[in-house]
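The listed protein sequences correspond, in order, to chains P and W.
Counting in this note's numbering, the first sequence runs from 414 upward without gaps.
Counting in this note's numbering, the second sequence runs from 329 upward without gaps.
Derived by calculation from the structure, the hints in this document are not laboratory data.
Be aware that a few hints might be false.
Straight-line C-alpha distance at most 30 angstroms; calculated DSBU-like pairs for lysine-lysine [stated by the list, open to error]:
no.	chain 1	residue 1	chain 2	residue 2
1	P	LYS507	W	LYS424
2	W	LYS415	P	LYS539
3	P	LYS507	W	LYS372
4	W	LYS424	P	LYS462
5	W	LYS415	P	LYS458
6	W	LYS373	P	LYS507
7	W	LYS374	P	LYS507
8	P	LYS539	W	LYS424
9	W	LYS415	P	LYS427
10	W	LYS415	P	LYS507
11	P	LYS462	W	LYS415
12	P	LYS458	W	LYS402
13	W	LYS424	P	LYS458
14	W	LYS408	P	LYS507
15	P	LYS507	P	LYS458
16	P	LYS507	W	LYS402
One side only, chain P facing chain W, incomplete, derived with CB under 8 angstroms [said to hold, decoys possible]:
no.	residue
17	ILE421
18	PRO499
19	ARG500
20	ASN509
21	PHE515
What you are looking at is a predicted structure, and each value in this text was computed from that prediction instead of being measured.
C-beta atoms are modelled at their ideal positions from N, C-alpha and C, and glycine is treated no differently.
Residues per chain, in single letters:
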Amino acid sequence: MPSRIESIEVAAIKADEFAKRQGLGDDFVSAIDLAIRESVANAVKHGNKFADEKTVDLTLARTDEGFEITVRDYGTGFAVDTVADPRDPENLLKANGRGILFMRSFMDVVEWTNHADGGTIVRMIKRQ
Amino acid sequence: MADITISERQAGDVTILDLVGKVTIGEGSVALRSAIRRLLGEGKKKILLNLAGVGYIDSSGIGELVSSFTAVNKEGGTLKLLKLTQKIQDLLAITKLLTVFDVFDDEGEALSSFN
Numbered sequence: 414m415p416s417r418i419e420s421i422e423v424a425a426i427k428a429d430e431f432a433k434r435q436g437l438g439d440d441f442v443s444a445i446d447l448a449i450r451e452s453v454a455n456a457v458k459h460g461n462k463f464a465d466e467k468t469v470d471l472t473l474a475r476t477d478e479g480f481e482i483t484v485r486d487y488g489t490g491f492a493v494d495t496v497a498d499p500r501d502p503e504n505l506l507k508a509n510g511r512g513i514l515f516m517r518s519f520m521d522v523v524e525w526t527n528h529a530d531g532g533t534i535v536r537m538i539k540r541q
Numbered sequence: 329m330a331d332i333t334i335s336e337r338q339a340g341d342v343t344i345l346d347l348v349g350k351v352t353i354g355e356g357s358v359a360l361r362s363a364i365r366r367l368l369g370e371g372k373k374k375i376l377l378n379l380a381g382v383g384y385i386d387s388s389g390i391g392e393l394v395s396s397f398t399a400v401n402k403e404g405g406t407l408k409l410l411k412l413t414q415k416i417q418d419l420l421a422i423t424k425l426l427t428v429f430d431v432f433d434d435e436g437e438a439l440s441s442f443n
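Isolated chain P (complex conformation) (with noise of 0.2 angstroms):
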């Protein structure tokens, strides 16, 4: 996918078809909504910074383990432990830093690596 906030869109639409194919409640399909957009918006945004060359690669997968989300940027890595906890006092009135909080709120796994090549990988898993 490009690196534009219409890719946003397009993951979503892309996961929730999936997610209803294998017969997926609506918290469970809503929970992954949430993650495919703030790690997309992620991607595109703090990861490719909308440069039109890069993409972000979508993957999604029903495995053992539940239903499994992986998202990569071409960027130039992310160090999550830098991240600042938007809940503590300091950080509640600033505008950004809240959707890693929420991907890891609605998701039971998620864990970030970077790309020997390049990049940031999400993944992602929500357990049945």
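Place chain W on chain P using the hints.
For chain W alone, coordinates are given in the frame of chain P:
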């Protein structure tokens, strides 16, 4: 079709914005920001955001609610929230923002609270 429609009503000195649609990264967040800036520019500083028609909000939209709140406060005004959907309420709880916003289910009660 636009992501969001924002209609304005006046109840005494309180301006009510009825939001219908999605408050998400891009158009929805920008529309809310523009509406708040316009109201502040017109000297309207008591603002009630009716979120009953907001079917979807993401972290960017939540961030825009916070920015709106701080922008209005900075001008000496007050911004309150009306009729949160369960989903928005959940997201505000997760982010601890329910401790920041004044939230109402009843419009009359919300309007009275401004005075």
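For each hint, the structure was consulted:
no.	hint	verdict
1	LYS507/P - LYS424/W	holds, 12 angstroms
2	LYS415/W - LYS539/P	holds, 18 angstroms
3	LYS507/P - LYS372/W	holds, 23 angstroms
4	LYS424/W - LYS462/P	holds, 29 angstroms
5	LYS415/W - LYS458/P	holds, 24 angstroms
6	LYS373/W - LYS507/P	holds, 21 angstroms
7	LYS374/W - LYS507/P	holds, 22 angstroms
8	LYS539/P - LYS424/W	holds, 23 angstroms
9	LYS415/W - LYS427/P	holds, 22 angstroms
10	LYS415/W - LYS507/P	holds, 21 angstroms
11	LYS462/P - LYS415/W	holds, 29 angstroms
12	LYS458/P - LYS402/W	holds, 28 angstroms
13	LYS424/W - LYS458/P	holds, 25 angstroms
14	LYS408/W - LYS507/P	holds, 17 angstroms
15	LYS507/P - LYS458/P	holds, 17 angstroms
16	LYS507/P - LYS402/W	holds, 14 angstroms
17	ILE421	holds, 7 angstroms
18	PRO499	holds, 6 angstroms
19	ARG500	holds, 5 angstroms
20	ASN509	holds, 5 angstroms
21	PHE515	holds, 5 angstroms
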